[in-house]
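**Q** Residue numbers (the working numbering), protein chains in the order written: chain A, 1 to 234; chain B, 235 to 522.
Hints should not be assumed to be uniformly reliable.
Okay, derived cross-link-like pairs now, DSBU-like style, lysine-lysine, Cα gap no bigger than 30 angstroms in a straight line [claimed, not checked]:
1. B:Lys421 with A:Lys29
2. B:Lys421 with A:Lys132
3. B:Lys325 with A:Lys132
4. B:Lys325 with B:Lys421
What the hints contain is simulated information worked out from the structure, not anything from laboratory work. These figures come from a predicted structure and were not determined experimentally.
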Amino acid sequence: MSDALLNIENLSVFYGEFRALFGVDIAVKAGEIVSMIGANGAGKSSLLKAIVGQVGRIEGRIAFDGDDLARLSTPEIVARGVALVPEGRRLFPSLTVEENLTIGQEIGRGGDLGFDEIYRYFPILWEKRRQKTRELSGGQQQMAALARALLANPRLLLCDEISLGLAPVAIAALYQVIPTIRDRGVAILLVEQDITRALAVADRFYCLLGGRVNLSGLPRETTRETVAHHYFGG
Amino acid sequence: MAAIWINQIVQGVLLGGLYAMFAMGLSLSIGVMQFVNIAHGDLIVLVSFLLLTLTSGLGLPPLLAAAITLPIAFVGGFLLQRLLLQRVLGKGVLPIILVTFGLSIIIQNGLLSAYGADTRKVAGGAIETATIPIGGGVNIGVLPFIIFLSAIVLIFALDRLLYHTRLGARIRAVSDDVATANLIGLKSARIYAVAMGVVGATIAISAAFMSVWTNFDPSSGPSRLLVAFEAVVLGGLGSLWGTLVGGVALGVAQAIGAQFDAAWQILAGHILFLVIFVIRPQGLFPRN
Chain A
1 MSDALLNIEN LSVFYGEFRA LFGVDIAVKA GEIVSMIGAN GAGKSSLLKA IVGQVGRIEG
61 RIAFDGDDLA RLSTPEIVAR GVALVPEGRR LFPSLTVEEN LTIGQEIGRG GDLGFDEIYR
121 YFPILWEKRR QKTRELSGGQ QQMAALARAL LANPRLLLCD EISLGLAPVA IAALYQVIPT
181 IRDRGVAILL VEQDITRALA VADRFYCLLG GRVNLSGLPR ETTRETVAHH YFGG
Chain B
235 MAAIWINQIV QGVLLGGLYA MFAMGLSLSI GVMQFVNIAH GDLIVLVSFL LLTLTSGLGL
295 PPLLAAAITL PIAFVGGFLL QRLLLQRVLG KGVLPIILVT FGLSIIIQNG LLSAYGADTR
355 KVAGGAIETA TIPIGGGVNI GVLPFIIFLS AIVLIFALDR LLYHTRLGAR IRAVSDDVAT
415 ANLIGLKSAR IYAVAMGVVG ATIAISAAFM SVWTNFDPSS GPSRLLVAFE AVVLGGLGSL
475 WGTLVGGVAL GVAQAIGAQF DAAWQILAGH ILFLVIFVIR PQGLFPRN
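Produce the complete structure using the sequences and hints provided.
**A** Rendered as structure tokens:
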């Protein structure tokens, strides 16, 4: 896809002898939400870690706005406008909400998305800003993790299973914000196990099974059953 | 009789200031960076010998010599972390202990070759013997008093650095979860190196005071490490103010022990450490 912000071509990821991805091709355009659907072990997280330069060895090409990300360190990738919301929130527990968010802002590329807007998206974070993040509920922690990534003012936002283990009300709050971010022109690559949720929010989707893309397309042109069939490899 | 005991306790508190100085850098590396630097005491002695060279060899005033060693120790700490310790960090407890143990042996033998085994001391001038009478027949030494006040100021400064600055937040973030720090793009190796540079600066300050107040020789490092380690554990891992309390507790215990018998001085400190460690293994003021 020539107009894509992120263009991944023939990507393979290796952990020693183990191969997690097999020649994957993926593209994400600016202002587009792309869902990456797959079961546990499908290679979704490996894909995101490869994009931010945190896997051992890769083959293929990861191009971001013309830059070959494989040649850059993670801080350089983040400074160019790629931010990750890691699986399991992964906040710094002894730091306050505000300190966690400030770190996100400092490592980013700078931009007009600041604390005011973040606190408008997630008013609870304003109330809890002085509290250590280990004292927050799971949903509040996930909001803080998303907020930390957003404050980096990314051009590409990578979200790794942000709904995992959360109450429906917290998931709804998070997924309410995702399209708003997309509408600011941010490209979003959303890794999810929840097929319904992933299809509902996405402009396009890919289904990953055993490290290979086995289905891709537009959510409106497929059915949940078709995706589920590819999800489980039936 | 009461004046004698009061005097001993006061001297013990002041001695605790020096112990807290020894322990501050170790408190940072154990509590925040989460590794034990076995060479910590030897690094203090190494900087003390550097001060000795600057004062006795080059004839510089002690204060100027201390000012020169401060940036050198910062850069030394930074490079030590970047070039050596970073290679073994995150690979378990044992590798970092072995590497710093090796470093300790290298420093001791290097100093022995360069300076010999004689006991040394940096001449501090009139301040070494100056005292302030505080009544009741009790006098406090000006130098120990300055050291004690400096320990408080240094702990306050380190506390501000760690808990009220962006650099401090980054150091604590890397300490919390280095894998996540790397994943989101924090330069963890650089942050560790800066933190070790700060440890180096505290080593320089404690070496400056130690070298004027007490004697030292190339093999003094392990005893300094032991005192520092006890102060850190007594105070509670990661708690800088706790480290001061731990140092003072050791100093007072030693002073009281010495009042009974000179041979009891060091032993009393170790006994206090063991008793508190058994009763409260998390230390007196553990940082949550």
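**Q** Decide, hint by hint, whether the structure agrees.
**A** Checked hints:
Taking the CA atoms of Lys421 (chain B) and Lys29 (chain A), the gap is about 29 angstroms. The hint holds against a cut of 30 angstroms. Taking the CA atoms of Lys421 (chain B) and Lys132 (chain A), the gap is about 22 angstroms. The hint holds against a cut of 30 angstroms. The straight-line distance between the Cα atoms of Lys325 (chain B) and Lys132 (chain A) is roughly 28 angstroms, inside the 30 angstroms bound, and the hint therefore holds. A hinted pair counts as satisfied when its Cα atoms are at most 30 angstroms apart, and Lys325 (chain B) with Lys421 (chain B) qualifies at roughly 18 angstroms.
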